[in-house]
Structures are given as structure tokens and as C-alpha cells.
Amino acid sequence: MNKQEILMEIQHLQQYFPAGGYGKNKRVVKAVDDVSFAIRKGETLGLVGESGCGKTTIGRTMLRLYEPTDGRIIYDGKIIFDSGKHPLQNPDGTPKMDGNGKIIYGAKVAEDMLPYRRKMQIVFQDPYASLDPRMTIGDIVGEPIDIHKLANSKEERRKRILTLLERVGLNSEHANRYPHEFSGGQRQRVGIARALAVDPEFIVCDEPVSALDVSIQAQVVNMFEDLQKEMGLTYLFIAHDLSIVKHISDRIGVMYLGKLVELADSYELITQSAHPYTRSLISAIPIADPRTARASKRIPLQGDVPSPLNPPSGCRFRTRCPYATEQCGEECPEFKEISPGHWAACHNLDKLN
Amino acid sequence: MKEKLLEIKDEYLSFFTPAGEVKALNGVSFSMEEGEVLGIVGESGSGKSVTAYSLMGLTAYPGKLVGGTIRFNGHQVDTMTEKEFRKMRGNEVSIIFQDPMTSLNPVYTIGNQIREVILLHTDKTKQEAQERAKELLELVGINEPEKRLKQYPHELSGGMRQRVMIAIALACEPKLLIADEPTTALDVTIQAQILELMQELREKLGMSIIMITHDLGVVASMCEKIAVMYAGHIIEYGTADEIFYEPKHEYTKGLIKSIPKLDTKEDERLVPIEGQPIDLLNPPKGCPFAPRCASCMKICLNQMPPKTELSDTHYSYCWLLQKEQFEEGGRGCE
Numbered sequence: 001m002n003k004q005e006i007l008m009e010i011q012h013l014q015q016y017f018p019a020g021g022y023g024k025n026k027r028v029v030k031a032v033d034d035v036s037f038a039i040r041k042g043e044t045l046g047l048v049g050e051s052g053c054g055k056t057t058i059g060r061t062m063l064r065l066y067e068p069t070d071g072r073i074i075y076d077g078k079i080i081f082d083s084g085k086h087p088l089q090n091p092d093g094t095p096k097m098d099g100n101g102k103i104i105y106g107a108k109v110a111e112d113m114l115p116y117r118r119k120m121q122i123v124f125q126d127p128y129a130s131l132d133p134r135m136t137i138g139d140i141v142g143e144p145i146d147i148h149k150l151a152n153s154k155e156e157r158r159k160r161i162l163t164l165l166e167r168v169g170l171n172s173e174h175a176n177r178y179p180h181e182f183s184g185g186q187r188q189r190v191g192i193a194r195a196l197a198v199d200p201e202f203i204v205c206d207e208p209v210s211a212l213d214v215s216i217q218a219q220v221v222n223m224f225e226d227l228q229k230e231m232g233l234t235y236l237f238i239a240h241d242l243s244i245v246k247h248i249s250d251r252i253g254v255m256y257l258g259k260l261v262e263l264a265d266s267y268e269l270i271t272q273s274a275h276p277y278t279r280s281l282i283s284a285i286p287i288a289d290p291r292t293a294r295a296s297k298r299i300p301l302q303g304d305v306p307s308p309l310n311p312p313s314g315c316r317f318r319t320r321c322p323y324a325t326e327q328c329g330e331e332c333p334e335f336k337e338i339s340p341g342h343w344a345a346c347h348n349l350d351k352l353n
Numbered sequence: 354m355k356e357k358l359l360e361i362k363d364e365y366l367s368f369f370t371p372a373g374e375v376k377a378l379n380g381v382s383f384s385m386e387e388g389e390v391l392g393i394v395g396e397s398g399s400g401k402s403v404t405a406y407s408l409m410g411l412t413a414y415p416g417k418l419v420g421g422t423i424r425f426n427g428h429q430v431d432t433m434t435e436k437e438f439r440k441m442r443g444n445e446v447s448i449i450f451q452d453p454m455t456s457l458n459p460v461y462t463i464g465n466q467i468r469e470v471i472l473l474h475t476d477k478t479k480q481e482a483q484e485r486a487k488e489l490l491e492l493v494g495i496n497e498p499e500k501r502l503k504q505y506p507h508e509l510s511g512g513m514r515q516r517v518m519i520a521i522a523l524a525c526e527p528k529l530l531i532a533d534e535p536t537t538a539l540d541v542t543i544q545a546q547i548l549e550l551m552q553e554l555r556e557k558l559g560m561s562i563i564m565i566t567h568d569l570g571v572v573a574s575m576c577e578k579i580a581v582m583y584a585g586h587i588i589e590y591g592t593a594d595e596i597f598y599e600p601k602h603e604y605t606k607g608l609i610k611s612i613p614k615l616d617t618k619e620d621e622r623l624v625p626i627e628g629q630p631i632d633l634l635n636p637p638k639g640c641p642f643a644p645r646c647a648s649c650m651k652i653c654l655n656q657m658p659p660k661t662e663l664s665d666t667h668y669s670y671c672w673l674l675q676k677e678q679f680e681e682g683g684r685g686c687e
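Sequence lines, in order, name chains A and B. For what it's worth, the numbering used here labels the leading residue of the first sequence as 1, then goes sequentially. For what it's worth, the numbering used here labels the leading residue of the second sequence as 354, then goes sequentially.
The following block holds chain B by itself, in its conformation from the complex:
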């Protein structure tokens, strides 16, 4: 068995805002092996970005880790100081942000911004950094790298800028790349280019990727494992096939049903998930999805369901599954 690259156990994270405590993560646990691609899907506010940011130490004030442990690549991340984080970021884990328009600095050239990362994290000279920057641009498929290095972000298109962001993230060959909605701001045709590039790079460099997105189509083609998040909980986790073909949680089922199919002649009516996402300032007592769930039971409103293991790679949190397993007398009902 391969060594675990990342292990998050029971992570609780809150933002202490003037309006009260916003419970962004409520007991998130998962692990990742080296070279794996994990997709995290969920609606806005479900905690998917926060999960990823917390393992880079990017959830600064008023965010605070309330409980749980995070181990990444031999580090105990939950007790790390800012200084230790700085050493780890870029070198071992790096991130691509959603909006390539705002995540590059408009007053520095592309070259300057790529070199900065290399100079900060390695002991290369300026000359060597320049060479490396050129290599990186070639790696991410940008033509005429020398010319591009002298240009400013506003001279590049959205797709190009995202490629530059990827180049920056890969500068020190991290073990884990976090991609936070890397293609949401891009057109479909450009999205296809970027996804293809990420897949190529992953094969070439052998890194692990956490892909955060709300687009089920993106995770279907890219990811081996998928975690579905809702209101700060991972409500279902499994391989891509398990999530898409045997979804067990009512929310996952709803998500999959609510996307229109492209290849059917008769358009069936979409099956939406009724209601609005919950308010994280006052989360309900029981299962967070209960208020919107069509098969909600009494117990769902009062108590968070325990984990139900469905296979070695597949688990979910739902009372219905507990009931099923109890009736079968199977495992999982300790």
C-alpha cells in the first residue's frame, strides 16, 4: 500500500465574524494517496475551498481551526506556525485560484512573477530562474515564451493567464496541486484545453491534484475519487464510478439528476433539489440536508447520521443507509 500523502481527521473550522460563529467545516475527514486525483464538489458555501485552504494555512483571521488533525507529507499541519507554512507552500503544495484575471499582479510582468516563486523557494540564481521560467511556460503550452515573459497580465487572454498561474504553481514541482475552480471563469473550449493540460502535466510530473469545482462534468473526466460536500460535511465519498453510478446520499442523487442531459431527444423535466442552501450561522441540529431532503425522517432533524461504509472506498452519511443496513443486519451498525 502506498503511503498516505494527506490525512485529514475530524477537522472543525469556524470563522468568528461579528454576526457570530460561522461553522465552515464540521468534522471533515478524508485521506489521499500519492498521485491521486481527488475531486471535491459542492455548492457555494459548502466548505470545499475552505478545506483545501486550511491545509495550506490560508484560512487566517477570523478563521480558526477548532478541532481535528491534518497530516500532510510528514508535517503536522494543524500545529504549524506561519514560518513553517511559508516553507511548505509552493514547495510541497501549491494552488491555482479560480479567477486568473485577479490572481496575477497587474503591475509586474509574467516573467517577474514566475521568477519570484523560483527565487523565493530555491537557491537558483537570477539567470537560472529565467531559464526555468522559460521551461515552465513551454511546459504549460505557451508559444514564444521569451516574448511572453516580458508581457503584463492584461496583454494575455483568460486561458493564457490560467496557464501562467499553472506555471507558477508548478515552479517548484509540488507534490500536491490544489486547483480551486480552475476553469469556472473560462469558456468551454478554453476549459477543455486547460483540463487537458492538467491531465498531461499530472502524467508527466506524477503529482496529486485536489480539484475543487461545482461542475460534475469536470470531475467525471478528471478525478479518480470524489468527495461531495454539503454545509461543511463530506456527505459522500467514493470513486468516480461509485458516485456517478451508485450514488447513495439523497443530495448526491439530486445533484446528478438536476443536470440536463445532452444526448436525449425528449427533454424530461429537470428534477431540482427544492429549497435553499442552509445558513451556516445557524445550522440545523441534525443532518444539514434534512430540510431539503425528500425522504427526511424524524431522526434526521435531531441527530447527525453516523458514517455508513458501503465498500472499501465508498462511504456516506445518511440515516436511510443506516436503516437499510440495520434491516439487512450487515456491517456498519455498531
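Just chain A, same shape as in the assembly:
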């Protein structure tokens, strides 16, 4: 697995948003704080966490819909953004050195994104808000074709649109209708068709099924899987529903307050989770099986997520963690590999396992 080619990689990615105040009182929300991970070609990486943990921000920053505050984004071996503050890395993660043992830093880079937009696309969460109500379905799906000049004639454009609609399970009559004439599930299909219009390699799926009914959810999830097989797509699948993410993903990353706390193969993450937050997240999922539900014991988390304006010092989870020690308040735990391919950030991993 490790030898597989990496398609998208982020290193030390940071995304801070200003939250009012001037000079000394200036406040920032640390939405994403020093997160690194890589997505391999053809795989699905799931990203889960509570609302406000920064999972959507990562997805958008990756595509540079937001300009990152700091860090590096590498797409298909090419650096598309670099703040120039971090050493370049060897494939094994160690910093690159020159002949004299001096660390080489990356140069400042901010590539023009237009050519990359053809390769990476996004499907948004809310199918009611992400389609322009005044455009027909045909025009919505056709817009990316126009922008990237993918069709030479009107006839070709029309053909492309119809093929796309068919591919997502809609038919040609739908092209002349407006979004309000569709149900939630159908709208989400339109959103997917729009993302597919430019023949992308990489799609960020930002909670694409959260707004849908259970029976429709399964339809859309299956479609994502089929499209991946047919077109060799790579997904970053963001959702808060761990059971859906587990179903579709090869690996899962768990986020808490802007930090990645655990990353592992999806089955391993569920069955052998290392981080206390992952464990309580899993135990909080209501199980659709009365006998198991009655027998199982929950590890309830006390309290709410702290404000990202003023996150706790050290480990950010310590205020809700049942195992927190003094050390947790003082230093931030390192995100390290605890077994091949399984990463976690916690001081007390030895005690817990």
C-alpha cells in the first residue's frame, strides 16, 4: 500500500480566520492548525469530527478556495502552495538537507489554480443552497464546460451535458428544468454531475449525504462508489456520520478542534481506536440494533467542544478527556505512528492500550 502513488498531500497546513479586534486585541479562529496527511491515488480518505472541528475548512483550503495561512499543498508531485516556512520533506518525512547538512526550506509558491480546477472538484453539503435557482440544470452542469472550454460546438456541449446527467441517474428531460423542481437526492446528483463535468481526478465530498433521507443516502453513496470504480477517482469524504464514512472510506482521519487526532485504516480505526476521542465518538453512535444497543455501554463525553477562539493549552481534547494528566495541559502531543499506517496524537497511549 505504501508504495502507491500519492495524489494530494498537505504538510503543516494552517488556516486562521480573523475574528474581530485590532492590534493587540486581534483575535483569530484557528480553524485548522498544523495538519499533515496524504491521499493516495484512487483511495477514499474519510474525515470525521464534530461541527466546528475544521473538517470542511481543510477540504476547501486544500482546493485553495481559501488561501492557507501557512503550510504546503502538493498535488500530484507539484507544489501548488507553499508559505516557505517549512523544510522540504523526503518521502519518509525527514527534512531535506543539502550537502552541508543544512535544511532546505521550500520557496514561496502560489500557483495559478485555473488548470488545477479541472483536476480537483468539490461537491457541497447542502443541495438546496449550492445550485443557482435561476439556472437550468443543463446550464449548471454546462458552466464548468464553458469555463474550461471543453466543448467546441453547441452540439458537443449538449451531448456532454446529457452524458453527465445520465451518468448520475438523471435523464435528458431534466436538463431544461430548474433546481426547485427536484427533490434533495436529485439535486445532490446535479451537484455531482457538475463536479464531474471537467473529468476531475480528485473530488472533495463535503458532507454530500448529510441532508438526505436514509433511503436516498444509500443511493447516493452507491453512486459515489460506482463513479470511483468507473473513472478512477480519488475522494476526500467529509462527514460527521462515522458509519457512512466507515462504509465508503479506505482510511479515516478523526479531527478535533482543528487538529488531526487519529488516522488509520477504516476497519482498524473502528475496532482498535487508540485515541480517547475516537473511542467516545464511536461509542456515541446510536446502534440500529435494539439488543446490542441495550447491552452496550456508552463512554459519554461531558460538556461541549471548547471555543476555537480560545482553545485549551496543550492537548485540545484534555478538557473533556477522562484520562487527562498534567502533562496534557503543558505540551501538545505529537502526531506519531503507533503501528504501521496507524497514527494518533495522545500522551497516554501506552496507558490506554
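Hints are computed from structural coordinates only; laboratory data are not their basis. Treat the hints with care, since some could be wrong.
Stated by the list, open to error - The calculated lysine-lysine pairs, modelled on PhoX-like cross-linking and capped at a C-alpha distance of 25 Å, are:
id: 1; chain 1: B; residue 1: K610; chain 2: A; residue 2: K229
id: 2; chain 1: A; residue 1: K229; chain 2: B; residue 2: K614
id: 3; chain 1: A; residue 1: K229; chain 2: A; residue 2: K41
Given chain A, put chain B in place with the hints provided.
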């Protein structure tokens, strides 16, 4: 046998909109005993909320009860006037809404909103109401109740607001609490907290709960009885075990199959229910699920199936079951 707390018989309810008559409920019948927890599951638009609202008189214009009877706690609800409803609401039955962000009034303090309920429905003085409000916040697990009572909704998190909503609903110790998707807007970890709280309160106060949700996981852990709704019909009703382990209606089976399992290594492909939910403006003639049903027969498209009783607590509406029972020569095929 315990006395029935709630009995709904053959309820028909429609919304008369400019586009035509939307038939939200098409012959809903069920009953509840005191202290029972009933889960109503279904997709959006299946009529689960409308069922619950109608017994509180909350389906005002253009909604209208077209037929059927509702008896609740000794009242004949279907003929009640607005004045009588006002007396019953809050005192005997109360409701928690889905979205705690919008169901609290942003310009009044939490204390003000809890006291309002107490002052309206009991003859307590302001001082006593204040004391009661504090008790209630403690009951729902909010720390420093005195400080919280002076705060406004925007100062509280989503989970906290839902706790306040529960406190308001419980202010007059109702016999029946309707929870309309109480945790849908919350994160899983907060959802677990709220569900636990509701279970605790139910044991403490002994009230009945109607839990409306689309999440089968939520009903599995909370409810004794489950009603599955589709297009304004209760298509299957039974105990939690019957619904989950011996589902009989094709829709229920489909619902259970379409949720991914967490603890399997190999991910089998999900089995979705094909097609789209039906349009309630023009419901099909026969069984409402027939257009999406994989084992649809000719009769399904023409006639609504009658009730098939499967056990004392379990019944369903499906022609397939009628056929089975007919072939066995058993009961249910009058």
C-alpha cells in the same frame, strides 16, 4: 391492563394548499399506554410530525382534520376548541422541537422563558416560579442554574439549548412528551448526552414519550414500540425487536438494509430503496410504496392493502403478507 393514554383511530388530515389537497395523513391508527416510549420513524414528508402535532392542535390552517378520532388522557381531542387546547398543552402534553437554535426566543432570557410556562399553567407566584425554574435546570443537568437563568439563548451551545427546551417542556410535568427529532441538529456526542438525559428523566418522572426521528439508531436504543410511517400511513407497527429482527413490510426491510454497519470488515454494497418518495398531492391509488417496491404485484397498484396482524403487538399493511396468510389459511384474512 393499563389504561390507554392515547388512542388515535383512522385519522385523516389534509393541508388545503393553493396547489391542491395535500393528504398528509391517510388513516393513521395507533394507541399508547401510560409510561410507554413510542418511536415514529419515516422519511421527510411521511407524516410523522403531523401525527404528533395534530394531537396538540398545532396543525392550524390550512391543515384540517378530515376524519377519525383522537382520544388523549380522557379528552376528545378531535373536537376540542383552541381554548381547551391551550389548557391541555404544556400541562398534559408538551413538545420538544427539532431545532434548538430557532425554537427559543432570542430576545428573552432563559429564565424568562421557563418562568413564562410555569406562570401560565400553574398558580405559582413569581418567586416560586423562579425556584421551580432553577430546579428544572438542575434536573436537566445544567450547572450554575442561577447564572444560566439570566443568560440569553445565543450565549448557550446547541446541546445546552436543547436541555433548556426539555426543561421548558417538563415544567408542568406532562403525561406525554413529544420529541420531534430532538437530536437531529446536534453532534453525535451531544446527541448521546441528550438521549441519556431523556432516558433518565423518563425513569424519574414516569412520563410517556413519542420520539419522532428518521434515525433508526436512535429508536433502537430508546423505544419499546416503533411505528414506521410512509406517505401518511403507518405501514408497520411493532415492538423494537419485532421491527428490527422480523420486519415484514418491504419498506421497513429496505430501511434497515440501507444503513451501513459499523462493525463489519468487508463493506458490502448498500441496498438502497430505489426511486423517489411519492408526491402527496397526487398519491398513487393503491399501496403508496408500490412504485418503489421490488416485489410489487398487480393488486398493489390498485388497492390499499388491509391490516395483517402478525402478533398481539405487531401489524403491517402489505398484500404480500395477506397472500402468505391466505395460503396458510391463518387469521387475518377475513
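Okay, the hints, checked on the actual structure:
1. Our distance criterion of 25 Å between C-alpha atoms is met by K610 (chain B) and K229 (chain A), whose separation comes to about 23 Å.
2. Restraint check for K229 (chain A) and K614 (chain B): satisfied, since their Cα atoms lie roughly 22 Å apart, inside the 25 Å limit.
3. Note on K229 (chain A) and K41 (chain A): the hinted pairing holds, with a Cα-Cα distance of about 12 Å set against a maximum of 25 Å.
Figure legend: structure checked against the earlier numbered hints; every hint is met.
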